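**Q** What follows is the residue order along each chain.
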Amino acid sequence: MSPNAEGRSATAPSDEAGENPLLRLRGISKSFGPVRALTDVDLDILAGKVTALAGDNGAGKSVLIKCIAGIHAPTSGEMWWDGRHVHIESPRDAAALGIETVYQDLALCDNLDIVENMFLGRERTRRAALDQESMEHSALDTLKSLAVTSVKSIRQPVASLSGGQRQSVAIAKAVLWNSKLVIMDEPTAALGVAQTAMVLQLVRRLADRGVAVLIVSHNMNDVFEVADRIAVLHLGRMVAVRPIEELDRQIVVDLMTTGQSTRVAQPRPSRE
Amino acid sequence: MSKLDDAPPVPEEAKPEPPATAAGYLRTSLARVKGGETGVLPVIAGLLLVSVLFQSLNSNFLTAGNLVNLLVQAAVFSLLAMGQVFALLLGEIDLSIGFVAGLSAVVMAERVQPNVGWPWWLAILSALAVCAAIGALQGSLITRLGLPSFVVTLGGLLFWQGVMLVILGSGGSLLIQDAQINAISSGNLSRLAGWVLMLVVVGVYGVYTWRVDAHRREAGLTAPPAALTLTKIVLALLGGAALVVLCNADRGILLPVYGVPWVVLLVFAVLAAWTFLLGRTRFGLYIYAIGGNAEAARRAGVGLARIRTYAFILASFTAGIAGVAYASRLRSISTAIDGGTLVLYAVAAAVIGGTSLFGGRGKAIHGVLGGLVIAAIDNGMGLLGFSAASKYMVTAVVLIVAVTIDAVARRNRPAGT
Numbered sequence: 001m002s003p004n005a006e007g008r009s010a011t012a013p014s015d016e017a018g019e020n021p022l023l024r025l026r027g028i029s030k031s032f033g034p035v036r037a038l039t040d041v042d043l044d045i046l047a048g049k050v051t052a053l054a055g056d057n058g059a060g061k062s063v064l065i066k067c068i069a070g071i072h073a074p075t076s077g078e079m080w081w082d083g084r085h086v087h088i089e090s091p092r093d094a095a096a097l098g099i100e101t102v103y104q105d106l107a108l109c110d111n112l113d114i115v116e117n118m119f120l121g122r123e124r125t126r127r128a129a130l131d132q133e134s135m136e137h138s139a140l141d142t143l144k145s146l147a148v149t150s151v152k153s154i155r156q157p158v159a160s161l162s163g164g165q166r167q168s169v170a171i172a173k174a175v176l177w178n179s180k181l182v183i184m185d186e187p188t189a190a191l192g193v194a195q196t197a198m199v200l201q202l203v204r205r206l207a208d209r210g211v212a213v214l215i216v217s218h219n220m221n222d223v224f225e226v227a228d229r230i231a232v233l234h235l236g237r238m239v240a241v242r243p244i245e246e247l248d249r250q251i252v253v254d255l256m257t258t259g260q261s262t263r264v265a266q267p268r269p270s271r272e
Numbered sequence: 001m002s003k004l005d006d007a008p009p010v011p012e013e014a015k016p017e018p019p020a021t022a023a024g025y026l027r028t029s030l031a032r033v034k035g036g037e038t039g040v041l042p043v044i045a046g047l048l049l050v051s052v053l054f055q056s057l058n059s060n061f062l063t064a065g066n067l068v069n070l071l072v073q074a075a076v077f078s079l080l081a082m083g084q085v086f087a088l089l090l091g092e093i094d095l096s097i098g099f100v101a102g103l104s105a106v107v108m109a110e111r112v113q114p115n116v117g118w119p120w121w122l123a124i125l126s127a128l129a130v131c132a133a134i135g136a137l138q139g140s141l142i143t144r145l146g147l148p149s150f151v152v153t154l155g156g157l158l159f160w161q162g163v164m165l166v167i168l169g170s171g172g173s174l175l176i177q178d179a180q181i182n183a184i185s186s187g188n189l190s191r192l193a194g195w196v197l198m199l200v201v202v203g204v205y206g207v208y209t210w211r212v213d214a215h216r217r218e219a220g221l222t223a224p225p226a227a228l229t230l231t232k233i234v235l236a237l238l239g240g241a242a243l244v245v246l247c248n249a250d251r252g253i254l255l256p257v258y259g260v261p262w263v264v265l266l267v268f269a270v271l272a273a274w275t276f277l278l279g280r281t282r283f284g285l286y287i288y289a290i291g292g293n294a295e296a297a298r299r300a301g302v303g304l305a306r307i308r309t310y311a312f313i314l315a316s317f318t319a320g321i322a323g324v325a326y327a328s329r330l331r332s333i334s335t336a337i338d339g340g341t342l343v344l345y346a347v348a349a350a351v352i353g354g355t356s357l358f359g360g361r362g363k364a365i366h367g368v369l370g371g372l373v374i375a376a377i378d379n380g381m382g383l384l385g386f387s388a389a390s391k392y393m394v395t396a397v398v399l400i401v402a403v404t405i406d407a408v409a410r411r412n413r414p415a416g417t
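Protein sequence lines, in the order shown, are assigned to chains A and B.
Note that the UniProt record's numbering gives residue 66 to position 66 of the first sequence, counting from 1, and the numbers run on in steps of one.
Note that the UniProt record's numbering gives residue 329 to position 329 of the second sequence, counting from 1, and the numbers run on in steps of one.
Just so you know, not all the hints are guaranteed correct.
FRET-style restraints, in silico, Cβ to Cβ [stated by the list, open to error]:
no., chain 1, residue 1, chain 2, residue 2, range
1, A, Gln104, B, Ala45, 38 to 44 angstroms
2, B, Thr281, A, Asp105, 25 to 31 angstroms
3, A, Ala96, B, Gly39, 36 to 42 angstroms
4, B, Gly39, A, His137, 53 to 59 angstroms
5, A, His137, B, Leu304, 48 to 54 angstroms
6, B, Gly172, A, Arg124, 52 to 58 angstroms
Chain A residues, not near chain B, derived (Cβ > 10 angstroms throughout) [said to hold, decoys possible]:
no., residue
7, Ser29
8, Thr39
9, Gly58
10, His85
11, Ser90
12, Cys109
13, Asp110
14, Leu112
15, Asp228
16, Glu246
17, Arg249
18, Thr258
19, Thr262
20, Arg263
Hints in this document: simulated from the structure, not taken from any laboratory.
Bear in mind the structure is a predicted one, so any value in this text is a computation, not a measurement.
Ideal placement from N, C-alpha and C gives every residue a C-beta, glycine not left out.
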């Protein structure tokens, strides 16, 4: 079923296109007690490309990204990062490799300010105390570079921000670290039209800079606007990983709902 | 550093310039107060109100003698409340700290009995070590086994009371004859030492505050203007001078008594240490993060169990210091210590001071100010000849009023979507 099913070996298997992917997953399974959330999932994530992860509710999208982000340890399976065999056992491991995740609930502490949220878990210290100036400068630079300029003060608590501003802070938090892979879980679900466009533009620019982006979305418009490749999960199995040119909405919907599709994509003009 | 080269058109209004003048900074601060970030303003207003009320009813309230007495009475409440703040910041509660304080006093008193004869400092250290171990035990039960802190520390309240009774014997008590330990609550600094120490403390505070603010101004970050920084330092100096003048006045009845009580210094030292720990270190930030959104903290790689356990250790440790101050004031420790009421006063003091019961909001200073309010009510009503029953009722009303102020202020706070 999977296009990547062959080529499993102890060393990093080479890519079908001859290029080594940034992150390669092979045979990833995850069980919660008797419940199998993921079965034998294979996936390649390429640098500089936006990979969209599609699937119906309960298909295992969230579990898969949590396995990559180090929140869940996979029950079995192997991962290669840049051709190196790795075990990601904690969020710290993931962060050390350069994997950052923007969660659907944004994972922000309402009582902390923007700088504190952006640096949470990786504060800079000078002697025993926090180095507030240095962190504030970096946070300001990053927000400016992302054109997040609507906040009054970066020392205001996150509780006082609007939904779009909170999303911006969460993305800026992921970008602040020189991350190589940014995972986004439904980044546009709670946003209006203008803010959605802004976030998608941001996703595109991240990929153009060479960052690998893995984006989970229910919204087919967003997926087809921003993605280079689409991976479809169905009941915990990876049923397709294809370039966007070989897919159209109907095929993706078929794959999401039934796990297969007999349609052939109509040739479409390239996005550029 | 991650930077994007071409930024998209900015959809919303441009960022307003940081306020450059003192007036502008004050305006921003005022807006924050109106927005529900009232800080310590309500409790200070409450303290002033209580003082005016009691002074108008009994002119002895605002005498030097009574106010210094009040500071000494408040010390135990303030120290306990500072311990409780650690638990409350996590959104947890520690009901055991009243009797942990009692046990600390018993351990210390037992170690300095003539037939044991430990030096006073070793006795105090051993008492604090016992308290820290109790905190580690309770904290581990709460974090490693996932038991509710309410139940674990309720068990602690009963258990440590039992241990205390076993050591003291039914109705028993231990007298403390050690001069140094008794001096903590009843001894005073000399007048000169009071002044010198106050100037040193304000000097260190002033240099530190000035350097932080000046550094921020130079770095081009939002910072209070120089005039405001100076005002803060001058106010600290005036406050310190007022305290020393008050304490240096002769408050003796038969013999002259004057000077800053040691226990006031003790409270200041603990306040400074815990304020630094909570406000300036990574550990403190993690406590706030866990209280605000434990899941977000966990995903950021914060070791929840470790930080929570340390918070409970600090709560018990601070309670141990409170126990030392308590026994020192009574020059003895007996089974009469009511750890149940003490812990409820500690929670009340923290909440009256402005700490949230739901976690994530609170400071060490809240415990000190709340402790002062509770001691003021206790002291003022005592002067007026009211019974313990009416003291309880008035304290309860103040607690409810404090929570109401917080709830009303919070309604004005913009809701996080």
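**Q** Over 10 angstroms to the closest beta carbon of chain B is the bar; see if cysteine 109/A clears it.
**A** At about 4 angstroms from chain B, cysteine 109/A fails to clear the 10 angstroms cut-off, so the statement is violated.
**Q** Confirm or reject the statement that serine 29/A sits farther than 10 angstroms, beta carbon to beta carbon, from all of chain B.
**A** holds, 23 angstroms
**Q** Does the Cβ-Cβ separation between histidine 137/A and leucine 304/B fall within 48 to 54 angstroms?
**A** Between histidine 137/A and leucine 304/B, where Cβ atoms are some 29 angstroms apart, the hint is violated.
**Q** Determine whether the non-interface label on arginine 263/A survives the test: each CB of chain B must be over 10 angstroms from its CB.
**A** holds, 35 angstroms
**Q** Once the closest CB in chain B is found, is it more than 10 angstroms from threonine 39/A?
**A** Non-interface label on threonine 39/A holds, nearest chain B Cβ at 25 angstroms vs cutoff 10 angstroms.
**Q** Does the claim that aspartate 110/A lies outside the interface with chain B hold up, using a Cβ gap greater than 10 angstroms?
**A** violated, 5 angstroms
**Q** Could you check the hint for me, namely that glutamine 104/A and alanine 45/B are 38 to 44 angstroms apart, CB to CB?
**A** holds, 42 angstroms
**Q** Once the closest CB in chain B is found, is it more than 10 angstroms from aspartate 228/A?
**A** Non-interface label stands for aspartate 228/A: nearest chain B Cβ at 19 angstroms, farther than 10 angstroms.
**Q** Confirm or reject the claim that threonine 281/B and aspartate 105/A have a C-beta distance inside 25 to 31 angstroms.
**A** With Cβ atoms ~27 angstroms apart, the hint holds.
**Q** So is threonine 258/A really clear of chain B, every C-beta pair being over 10 angstroms apart?
**A** holds, 34 angstroms
**Q** Grab the minimum beta-carbon distance between glutamate 246/A and chain B and tell me whether it stays above 10 angstroms.
**A** holds, 30 angstroms
**Q** Find the nearest Cβ of chain B to the Cβ of glycine 58/A and say whether that gap is larger than 10 angstroms.
**A** holds, 21 angstroms
In this structure, the earlier hints numbered 4, 5, 11, 12, 13 and 14 are contradicted, and the remaining ones agree with it.
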